[in-house]
Structures are given as structure tokens and as C-alpha cells.
Amino acid sequence: MIGESVPMLDSVARVTGAVDYMINLRLPNMLFGKIVRSQAPHAKLLKVDHTNALQVPGVVAILTGEDLGANAFYGVAVKDQGVVAVDRVRYVGEPIAAIAAESLSAAEEAALLIDIEYDELTAVFDSQAAIQAGAPALHEKSPNNIFKHAKLRHGDLDAAFAAADEIFEDTFTSPVAQQASLEPHVSAAQWDGEHLTLWTASQAPFMVRKTLSEILGIAPEAVRVIVPPLGGGYGGKGHIRIEPLVAAMARKTKGRPVKFVLSRAEEFVTVTKHAASITLKTGVKRDGTFTARQVTIYWNGGAYADASPMLVPAGMVRSVGPYRIPAVSVDSYGIYTNLPPAGAYRGAMSSQTTWAYESQMDIIAHKMGWDPLEFRMKNLFVSGEHFATGEELHDVHFVECLEASAKGLGASPSPLTPPPGGEGKRGRGYGVMMKSTVATSKSQARLKLMVDGTVMLYTSTVEMGQGGHTTMAQITAETLGVPLSAIKVIGPDTAITPFDSTTSASRSTSMMGNAVIAACGSMKKKLFELGAPLLETPPDQLRTENGFIVADETSISFGDILKRNNLNELDEAGEYSTSLGLDPETGQGVATPHWHQGAGAAEVEVDPETGRITILRYSAAAFAGRVVNPRMAQLQNDGNVIFGLGPTLMEEILFDGGQPTNPNLADYAIPSIRDIPNELISICIESDKGEMHGIGEMTLPSVAPAIANAIEDAIGVRIKDLPITAEKILQALREKAEK
Amino acid sequence: MILNVNGSKHEVEAGMRTLLEVLRDDLGLVGTKEGCGVGMCGACTVLVDGKPISGCLTLAQQVAGNEILTVEGLEKDGKLHPIQQAFIDEGAFQCAYCTPGFILATAALLNENPSPGEDEIREYLSGNLCRCGSYQNIIKAVKTASEKARQDV
Amino acid sequence: MIKFLEPTDFSEATSLLDQYAEEAKVIAGGTSVVMMLQQKLIAPSVLISLGRVSNFDFIRHEKDGLHIGALTKLRDLELSEVVKKFCPALAHTFSVVANIRVRNQATIGGNLSAADYAADPPAMLTALDARAQVQGPNEKREIPLSEFFLGFYTTALEPNEILTEVIIPALPSSARAAYHKYTSISAEGRPCVAVGAFADFDPDGKCLDLRIAVGAAVETPQRLMEAEAMAHGHALTDELIAAIAEQYAQALDPLTDVRGSAWYRREMIRVFVKRALQEVRDDR
Numbered sequence: 009m010i011g012e013s014v015p016m017l018d019s020v021a022r023v024t025g026a027v028d029y030m031i032n033l034r035l036p037n038m039l040f041g042k043i044v045r046s047q048a049p050h051a052k053l054l055k056v057d058h059t060n061a062l063q064v065p066g067v068v069a070i071l072t073g074e075d076l077g078a079n080a081f082y083g084v085a086v087k088d089q090g091v092v093a094v095d096r097v098r099y100v101g102e103p104i105a106a107i108a109a110e111s112l113s114a115a116e117e118a119a120l121l122i123d124i125e126y127d128e129l130t131a132v133f134d135s136q137a138a139i140q141a142g143a144p145a146l147h148e149k150s151p152n153n154i155f156k157h158a159k160l161r162h163g164d165l166d167a168a169f170a171a172a173d174e175i176f177e178d179t180f181t182s183p184v185a186q187q188a189s190l191e192p193h194v195s196a197a198q199w200d201g202e203h204l205t206l207w208t209a210s211q212a213p214f215m216v217r218k219t220l221s222e223i224l225g226i227a228p229e230a231v232r233v234i235v236p237p238l239g240g241g242y243g244g245k246g247h248i249r250i251e252p253l254v255a256a257m258a259r260k261t262k263g264r265p266v267k268f269v270l271s272r273a274e275e276f277v278t279v280t281k282h283a284a285s286i287t288l289k290t291g292v293k294r295d296g297t298f299t300a301r302q303v304t305i306y307w308n309g310g311a312y313a314d315a316s317p318m319l320v321p322a323g324m325v326r327s328v329g330p331y332r333i334p335a336v337s338v339d340s341y342g343i344y345t346n347l348p349p350a351g352a353y354r355g356a357m358s359s360q361t362t363w364a365y366e367s368q369m370d371i372i373a374h375k376m377g378w379d380p381l382e383f384r385m386k387n388l389f390v391s392g393e394h395f396a397t398g399e400e401l402h403d404v405h406f407v408e409c410l411e412a413s414a415k416g417l418g419a420s421p422s423p424l425t426p427p428p429g430g431e432g433k434r435g436r437g438y439g440v441m442m443k444s445t446v447a448t449s450k451s452q453a454r455l456k457l458m459v460d461g462t463v464m465l466y467t468s469t470v471e472m473g474q475g476g477h478t479t480m481a482q483i484t485a486e487t488l489g490v491p492l493s494a495i496k497v498i499g500p501d502t503a504i505t506p507f508d509s510t511t512s513a514s515r516s517t518s519m520m521g522n523a524v525i526a527a528c529g530s531m532k533k534k535l536f537e538l539g540a541p542l543l544e545t546p547p548d549q550l551r552t553e554n555g556f557i558v559a560d561e562t563s564i565s566f567g568d569i570l571k572r573n574n575l576n577e578l579d580e581a582g583e584y585s586t587s588l589g590l591d592p593e594t595g596q597g598v599a600t601p602h603w604h605q606g607a608g609a610a611e612v613e614v615d616p617e618t619g620r621i622t623i624l625r626y627s628a629a630a631f632a633g634r635v636v637n638p639r640m641a642q643l644q645n646d647g648n649v650i651f652g653l654g655p656t657l658m659e660e661i662l663f664d665g666g667q668p669t670n671p672n673l674a675d676y677a678i679p680s681i682r683d684i685p686n687e688l689i690s691i692c693i694e695s696d697k698g699e700m701h702g703i704g705e706m707t708l709p710s711v712a713p714a715i716a717n718a719i720e721d722a723i724g725v726r727i728k729d730l731p732i733t734a735e736k737i738l739q740a741l742r743e744k745a746e747k
Numbered sequence: 003m004i005l006n007v008n009g010s011k012h013e014v015e016a017g018m019r020t021l022l023e024v025l026r027d028d029l030g031l032v033g034t035k036e037g038c039g040v041g042m043c044g045a046c047t048v049l050v051d052g053k054p055i056s057g058c059l060t061l062a063q064q065v066a067g068n069e070i071l072t073v074e075g076l077e078k079d080g081k082l083h084p085i086q087q088a089f090i091d092e093g094a095f096q097c098a099y100c101t102p103g104f105i106l107a108t109a110a111l112l113n114e115n116p117s118p119g120e121d122e123i124r125e126y127l128s129g130n131l132c133r134c135g136s137y138q139n140i141i142k143a144v145k146t147a148s149e150k151a152r153q154d155v
Numbered sequence: 003m004i005k006f007l008e009p010t011d012f013s014e015a016t017s018l019l020d021q022y023a024e025e026a027k028v029i030a031g032g033t034s035v036v037m038m039l040q041q042k043l044i045a046p047s048v049l050i051s052l053g054r055v056s057n058f059d060f061i062r063h064e065k066d067g068l069h070i071g072a073l074t075k076l077r078d079l080e081l082s083e084v085v086k087k088f089c090p091a092l093a094h095t096f097s098v099v100a101n102i103r104v105r106n107q108a109t110i111g112g113n114l115s116a117a118d119y120a121a122d123p124p125a126m127l128t129a130l131d132a133r134a135q136v137q138g139p140n141e142k143r144e145i146p147l148s149e150f151f152l153g154f155y156t157t158a159l160e161p162n163e164i165l166t167e168v169i170i171p172a173l174p175s176s177a178r179a180a181y182h183k184y185t186s187i188s189a190e191g192r193p194c195v196a197v198g199a200f201a202d203f204d205p206d207g208k209c210l211d212l213r214i215a216v217g218a219a220v221e222t223p224q225r226l227m228e229a230e231a232m233a234h235g236h237a238l239t240d241e242l243i244a245a246i247a248e249q250y251a252q253a254l255d256p257l258t259d260v261r262g263s264a265w266y267r268r269e270m271i272r273v274f275v276k277r278a279l280q281e282v283r284d285d286r
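Chains as they are written, first to last, in this note's numbering: chain S, 9 to 747; chain U, 3 to 155; chain W, 3 to 286.
One thing to keep in mind: the hints can contain errors.
To be verified - Straight line, CA to CA, 25 Å or less: simulated DMTMM-like cross-link-like pairs of lysine to aspartate or glutamate:
| no. | chain 1 | residue 1 | chain 2 | residue 2 |
| --- | --- | --- | --- | --- |
| 1 | S | Lys260 | S | Glu125 |
| 2 | U | Lys150 | U | Asp28 |
| 3 | S | Lys736 | W | Glu221 |
| 4 | W | Lys86 | U | Glu114 |
In short, the hints are calculated from the structure, not lab data.
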């Protein structure tokens, strides 16, 4: 069962359009919600007058800052974000009011009649500009707009730089981008007295529950969060999004449910990928080894801290790279600007940091006359070595990942008709990624065995297309010893499924997987105890198989064990957690329960007349440990590379005075079937005895640097600012020719 | 007005609503969805007289009298359409938000061209976006469906 | 409530348009108009649908050239053997518009009337010297496509006129055409630069006639008569091609948008005018 490519459990629903996404939710007496948003990037709110809006027929209630009490502000770490803006707006698109009406058109009509008066303040959009003296301070608590400064100090940096033969200093940038799941954010809420039920497309139901309980002043158990399958998450549905606003709105509709569906344009002002400017100062010796690395990262967190206080330190450890470097220093800054809040994004922080360190690897290699592949192989960590946090690395296979990717490219370039107008130039490039997962988190699972042999698996892991539920069912089937068909996966529903920190950071297969294994262990133990007298065999000589407890000569079905013991059901739980962390001043400690590892190798062809590139072949290898479902793992690998082409070549939210100018999928392009590499090779490096762990992000961050490195190999130009557009390449070629 | 959907006639008060809105809100056919609202993503793909169009860019009133097929209309007597089965067999989806659109586009493609080559498949499906990146398996599913259809003839 | 009117012929349609004036919007395939309605860019009180106008969905190769009814779908034009035989580059032009769903809905009349600067058919049809037949409540007239596009989303149509037919003059058998659509970001994107080229040659390979229209880079498709004239009586050598391309690159004033800056577009005009010319020269 583990190791089998079983189809997703609800495959039939997926191909018949029957999956119950949030967009399909209909409740009796349901109202339609519409958010009224700020037009100014930074302003005091002088007036929010909804008198006229309330007169619109069909409008039932309107929420403004006046309705919010003491708990108007929330945030997973820093409570700086208003449920709706109270006295100040800090980005174009920030919610100022919300309307609940009998129809969406009534709500939209009312939205136009909300009278808002702004007293505009100076706005700042660039993170490095925001920390200069004189820049407007967005929040009183952070007068220089730095809301988080994560530090890592390891070894004697000055001495190490002094010992270097060559020092390289390069800055790499990533722009603001969007997760752009096809399903937008959708949430619905209904109050029953002081009890709230919230349905939402979220990756973190318990985080939502906790935040709502705090804002609304009710016990967590009084908040029920239900999450159906998502139409994509990619980090954009992580942490807290529109749930507080929807819950607060529903509090004013006298028990009627209200549902909010964001439009595509609204998605661009709801959550983004952090823009980042990363400077790497790296010292190397002529013998091909590193002496030191100093990293300075300016993360553009947008107007509110949101998840950044956790992501900025994560970005810190993810910025060093998988190489043996004796002295390392990192300063990772989370900075407020008047842009929409940035949140988690697939390959969070690693997307931006791997772009930096893997690009610099080739810059160094070229300057020093080294082969880029050999330079990496020589310096990649192996198991048993220690990282810049001081932690020992176990089960790391960076070398194998890189070798497999490179091998996947093949010995000679793949054939392709040269682009019209002339010979294309071909080149190859590589990238290796080292990423932490969540250091401290907990997953719980519950199993309920029914008399008919059905096994209910209660889990708060969110199904967002990664096959999370199928994976957990496969683990249950194998560990407990029941047919897959006997298992029903239920959840997330915080009223009935136990705690899980979040479905993100590729943590679930490992964390929830281990919780499920623990629950299975408890259930087997109980079944053996109950079955032993019936089979007249000691418990330690029993085993499970296909829904039966089996002794040498006899067996008995799980269901029969219950019946014979006069039990209607058997309930067992399991838990798995990790609690790790780093010293806040030095970044020393343990960053992660295990390291995620992936590599990529790209062969590209550049049309030197236009700068347009064709990806002839891309080979992506991830260390997958013990793979539960090979085909789902291949889909994740493929999906990562294809997703990664977006920020590499196409994706950038453009702003004018804080207003997105391309908030639609025609002007903000995401990869189509004709944009994918001519050949895409996906490799999962498995290890039967290895741990099971996630694969949701492994091969994404390497895409951008592998392609930039291939371009440099092909035509000798280096692009340091994403996205890598044809125009940037042509511009760079012209500049090179002029020198 | 009368809409002819999946072989049945339905009386609807469409007003100025799009075909997508009427299918979802009035007829409960929720497999067709909006992803972008500008005709780029294909999540709203519907077949009108066998041809794929964007439900989000068509007014219901424009297709009175046409034969409309949604993903719900592909199953016959509780049995999956061979294309639907091929998508399952090849694992051609992840979150599956885009999947009904791809399946309908594939049905139209194989109707026009029963044995398309890979380039033809990419061309025909180029307007259907999959953010999860299942394209490689989708192409496999189309090939499988076309081979199976030829075997079954 | 918006009225949805369905005239059955163009006379009825134009008199409705005349009657309702600014309150009305004509809708053909709907891909443009429905998007504008959904995004609240327009708020007509009347939609005049051409969906029930019959007899204007035709493709006819007549002695004087190709006649296309305004309500013909782009997909039908893409697949038409008549169009492919008449001018393969024209069939290719229709085949690269947007995606298959758009092509199944959009009509050639709607496409031209929308005058979207980033559309494909306008540049190619301009290079082929096409003409638009338009009808008002009282009269019909012809407008050469070179005079049809006036600016962003603006045509020479009077408010009460509707485009009824597109006529492309007969092409000599010695003529060749090419259409190059350059997408700079995604393969599915709108063009950064588009070039439609038409050339006629004598038996010795000397150019008798040359027309090049550059689209997507400026407000409306642009031809440069002086540059085209450079080719008359000469073989299209690489040097001559480069010189013509250079003229286009220098003379046009390209725009900046998400698909490219003015600088980049200027560079791409040079590249793709050259490539289109090479194709008409070499594809004989």
C-alpha cells in the first residue's frame, strides 16, 4: 500500500466536477458578502459613512471599524492588522467595510455608496526605501518599519573573510508575485448564539480557530472551522486571510450565514509572495572551498506583519545554501511597506533565497575558472556534517539529487529545430535547494473502527490536490493492515478532527503521517489485546492483514472482534510533534526536524535576436525518502517545476502608486501547457528505510537559478532580477556587446 | 428562455447573467467554475454544439436553442466517460479545479481529431491553465483516451 | 434590466442601433462585450445581439477576392480550406488568436470592430489590403482597413454602423504572405509585436509589390509606404530586408505595456519585419 500509485480517493468526484469546493457552498438563508477596499495606499480614515449604502434594497448589514471592539486587531504573531481598517489604511485594497446582502448585485450597489474620506499620508513601496530615515512609519511599534530582524551568527566572519582568496558580493532580487490558485479565497460564517461555524478555503483550520477565538472573545471550542478540498493553496491560503472579516460580518446578520467569494482582482491585494533583495558576500579559496558567507535580506512584508514574523527567520536559515561554509552570518529583515501583506508561498522564502545562492555559485565558478557542477559537488553537505545553525545534518542527499538531475539532462543536448532567424545558443545550468520545514508543530490523528470493518480516519490535514488524504489513507492501510477501501478520511472539521498545526511547508506526510502511524499502533495494540483470547494466541504472536487479526491457523475480522466484545466502535488517537528552535540572537540550535532537498538541471536555448528562451529539457530530482504514492510524488515534482517557471520567467505584480496594474490572468501570466519544457524529467530519490516526508516544494526553488545559469552558459549574460524576461536578456546582451 | 443542457430542456430566467452563472446557480451544475473571468484559464469551459467556449464570457441568452454539454453530462448510466476514466488512470489532476474544463476540451478535441499528436494536443489545450502543473499527465491521459477510443471501435 | 434584442438582419440591427444610440452596445460573439459588462467598463441599457442575423456567416472565394461575412467565427476561418488555399498565412493568423474557446465564439466583424491594439487579424488584413463593408441605417459603404483603425479601441465606424463583410482582394499566384506573432512572456499571451507581410514577385524574383503591417506595438496597425517602396523592382536581399526593417524600427513609435517596453518593441519590430520578409522571400 505504501509505495503504490493508487488514484486519489475521490478521483471520481474530481473528474465529474463533483468535489465540494467552497465556491459551491450554499446554506439556507444565505447572504452574499462584498468587501469595500481602500483606494489609497496610506491614509488616515476621516470618514466611513454607510448611511446611504444601508438604504439599498436587499442590504442586510454593513461592517465597519466602528463595530470592532478592543480586539479589532489580529495577526498570528504581531496583532497589527484590523479586521477591517479602523482609523488608518496602509495599502490599496485594504478592507475598510464589508456588506452582507440578499444578492451580490445589491451588495455591489451598496459598496459604491459607502462614503469614504481619506487624509492621504506619504506612502513607501520599496523595502530598502522604507527603512531609510524620513520614510513614513507604517506602525508606531516599528518606527523604522523593521518588524522583524532574524540573526544568524556562526564562526568568526571577519577572520574567515580575511582568509579568503577572493570575495564576491552580489545582490539578487525577486519581485512581488501571487500564489494565483485557480480557486480564489472563499469563506462563509454563521453564528448560533455565541457559537460560530466558519467554512473556509484555508490551509490552517486550527490557526484560524485560534485567531477567531481571540478576536471574537469566545472559547476556541465555540468556533467550528470546516475546510473542504481546496482548489489549490500554494501557501496563499495559509495562516489567516479573510476569515476574521467574514466572522465579524456574520455577527451582524442575526444568525444568517454570509459567504464571501473574492474576485481574481481581489486576490492580488489579499496575499502575495514577498519581494526580496538579497545580498550575498561570499569568500572562497583558490582550492575551491568556501571560507565565509554573509547574507543580508530585505523582505518586503507589505503593510502588515501577517505570517512574516515566522517566515523571516525561516528565510534566514533557508538563505545559506547546502554548502560547507565555516563562517556564516545572516541578517534577515522583515519590513513594512504600503503594499498588500505578503504571506507564505510555495517554497516559501527558499524560492527567493535559492535564486540568490545558486546564481552566485555560477558567478563564482565562472570567475574562478571552475566547472559549476564540480564546484557544487565538492562543497555540498553530506550526512553527519554540521550546518550554520550548529545542528547535525542527517539523511541528507544533496549530492545524489544533483547527480540525478545532471544525469537526467543526458550526455548531449536534445535535438531541436533552431529558432527562426538564426542559431539559438544552448547552455546548461544547475540549482540545488536546502529548505527547512516547520521547527515546532504538532499533528494529531484519530482512528475509529466500526463494527462493519470501516475505519474512519479523522485528520485536519487539508486536501489541496497534493493527495494528503490519500497519503494518510495509504499509511493507515499499510500500518493498520486494512484494505484501502475500508478507510474513510474525514476532515478538517475542528469540531471532530483533532489538532494539526497547518498543511504547509511540506510537513504533512511526515508530521501527520507519524501521528497516523502512532494512532494505528495504538489501535493494533488494542485489537491484539481484544483478539488474543478469541484466537487463543498471545498478543505478541498476532499480526494484522487486510482487516483481519491473524494467528497461525486462525483469523478474525476487526469487525468481529468488536462484536464479540460487545463494542460498537473502537477509538484510538495518535500524536506527533517536534519542538525545535534557534537562539534568537545567534540562530544557533536546531532549525528543522529534517531538511528538504531538491535539485534541478536545465538545458535552454536562447534566441539571441529576441532574448526569448526555450527550455529544451529540465531534470528535477527531489530526495523523497520513503515514497507513499509514487505517482502523486511525480505530480508534485512536475508541478513544482511548472509552477516554478512562473516566477522565473513571467510573474510579477506591477504597481502604480500601490495599485496593482495587472491583477488578472491575461496581464499576469501563469505557465500554460505550451510554456513547459520540451522534456521534463522528474526523479524521486527514494530510500525504503528513510523517513516518509513531504515533497510539495522540493524542486521549485532550483528552477530560477538553474535557468539563469543555463542562460549564462549559453550567451554569457547574468540576470540577477526576476523574472527573467526576453527583454532583460536582450538588454543584457546589448550591454555586453557595448563593453 | 429555454436552455438545452446535457440532453434536457430547462426553463430559466436568465436576465443578463452569463451561461456560467445560470448553469451554477439555477441548474446546480457546479462542475463548471470561474477561475479568471477573462477567458484565459478554461475553468469555465462548456461545450456548445460540441465546441468549447468560455461560460464566463457568454450570456445565457446567446445560447438558447444550442446543445450545451457540461462535465456532468459526460457520464452515461452511472458509467464514467472514457476520457474521465483516462484522467483517473493517468493521474491527470491534483486539486482538480481545472479538470472539468480539460476533460470537456479533450472531448471536443477527440471528436474533431481522433488521434492527435502531442503538438496538436498542446495546441488545442493551450487555453486551459493548470496551476498545480499536471500538464504532463494530462497529455498522457488524452493519448490514452484516444488510443482506447480507437481500440474500442 | 438590460434589454437583449435579437434582430434577424443588419437593417433591423442598424436601425435599432440608430434608435438607441449611446444606450446600446452591439454584441456578436460576446468575448469582448461580456468581459466589459462583467468588469463594469460599459453599462448599456440595450444589447443588440447579432446572434440571430442570418446569412453573414460565409467564406466565399470569388473572382475579385475572398469575401468573409462579418459573423464568421475565427475558428471557422482558421479551419477553412478555402482560406488556407487563398492565403495560408491568413488561416495561420486566425489560428493564433487567443485560445480555442475565444476562436469558437469570436467573429471577424467583432474582432475588427473592437480595434484592440493587441489583436492579430488587423495587422494581417491590413497587409492584405482588405476592405470593410459597413452598413448604417440608410446606406452601405466600404472602408479600406488602412483607414478603419483610428486609435485604441476606436474605428471609423459611425455610432450607428455595423461591419457586415470583409473583402480581401484576389492575390496574384506569384504573391506570398506571412504572419508573425511574437509573444514575449507566455506562449498564451497577447502579442508583443505582430507583423503581417505580403509580397508579389516577378519570375526573376524581383519584388513587384510589398506591404508590411506592424501590429500590437502601436495603437493601430502601421504600414510605411516609403519603406515598402524600397523593395519595388528589387530582389529581397538580406541587406534590403535589413534596411526595410530598420526603417520600420526607426519610424514607428512603439508603446510600453506588460509585454515589453517601447525600447524592446522597437528591437522586436526590426527582428520580426526581417523574419516576415525572409519568409515571403524564401517560401516560394
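> Which numbered conditions among the earlier hints are violated in the structure presented, ordered from lowest to highest?
Replying inline: 2
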